[in-house]
Amino acid sequence: MPDESRLTVGERDRILTRYRDAVQAFLDGKTEDELSKEEAMTRALKRELKRPVPVHPVDGAGGHPAQRLLRLWPGGGRDTVRLSALSLKLIAIAAMVVDHVAFTFVPYGTPLWTVMDAVGKLTGPIMFYMAVEGFHHTRSIRRYLARLAVFAGVSYFPFLYFCAMGQPEQMAPLRLNVIYTILLGVLAVWVRRRPWPAPLRAVLLLLLACLSIPGDWGIWGFSIIVVLDFYYGDFRNQAFGYTLVVLFAVNTVSLLTGPAYDLLYLGGLSSPADYLLGVENLGMFLPLLLLRYYDGTRGTDRPWGKWLFYLFYPAHLLLLGLLAHILL
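Numbering follows the working numbering, with no gaps: position 197 of the sequence shown is 198.
These aren't lab readings, by the way, just hints derived from the structure by calculation.
In this text the structure is predicted, and so the values were computed from the model without any measurement.
Do not rely on the hints blindly, as some may be mistaken.
Distance ranges between label pairs, derived from CB positions [as the list claims (entries may be wrong)]:
{"id": "1", "residue 1": "Phe-106", "residue 2": "Leu-290", "range": "20 to 30 Å"}
{"id": "2", "residue 1": "Leu-265", "residue 2": "Pro-200", "range": "34 to 44 Å"}
{"id": "3", "residue 1": "Gln-171", "residue 2": "Leu-17", "range": "43 to 53 Å"}
{"id": "4", "residue 1": "Trp-197", "residue 2": "Pro-260", "range": "40 to 50 Å"}
Don't be surprised by glycine CBs; every beta carbon is placed ideally from N, CA and C.
Please put together the full structure from these sequences, using the hints given.
Here you go:
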């Protein structure tokens, strides 16, 4: 069972922000004599913020200033939705199935395909976030990397078969799966955190980035993993860094800049359809709405929780490839 005393990443950021604001408010306008109380005030705030916050608002304005600050937030500063790692993985798997069914059976570019593909954009970022969590919580990074390498190999043929719509003669050998991309991203995290000379780490990271290009999600996925690790422990900055990758690496910002450029330099707008190319990539913002409710728990202690995605991924690719071969 999830530990109800754990905070989601959204709650943690809100509490830390209120803590900093409360300390700053205490310091502003104080004399030197009053500032001598800073240490005692800080300790009191820390103790107060460590206490469980009621799920429902508490009536009245009494209590410690930190409690009053938290009561200003709906629900007393606590999120009513809490998602474990298992819950997020199940959501990612469901979104992946929606996306891959669209790829196989729904005509490209239709409204239905666009919606299903946007939903499918949940999967990659959630699994990249979980990969960073896995790096920081694994008891053996070597076994973790070995597990990723094994299942990247296991998924090699199923992914090619799926992408070729069940036609083996159309398989492209250098079209690699998302577990391969995750493997390189986790390797990059490991390299970045080694106490090696900075030039060596930079060269290795650039090499890994180049190797990620043929993978599913490719350099996008690689960059997201590195950014999420760089700001690990600070969800607000993780979300900001992730948003920059989506805006500029994935180039969703062009949905806004495209019409503006045409108006400024061409004197008019083109067909609306021209500006909607890639609109499905807006779905990449959806994961942030879910990840903020991650509570840091696994959701289950049973082994299948760890192996679920690794086993489901190649199995469903083979099934969809086989269905495409039979039906299309």
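Results of checking the hints against the structure:
A hinted range of 20 to 30 Å for the beta carbons of Phe-106 and Leu-290 is consistent with their spacing of about 27 Å. A hinted range of 34 to 44 Å holds for the C-beta pair Leu-265 and Pro-200, which are about 42 Å apart. Distance hint for Gln-171 and Leu-17: a CB-CB separation of about 52 Å, consistent with the stated range 43 to 53 Å. Between Trp-197 and Pro-260, the C-beta spacing of about 46 Å keeps the proposed range 40 to 50 Å intact.
Figure legend: structure checked against the earlier numbered hints; every hint is met.
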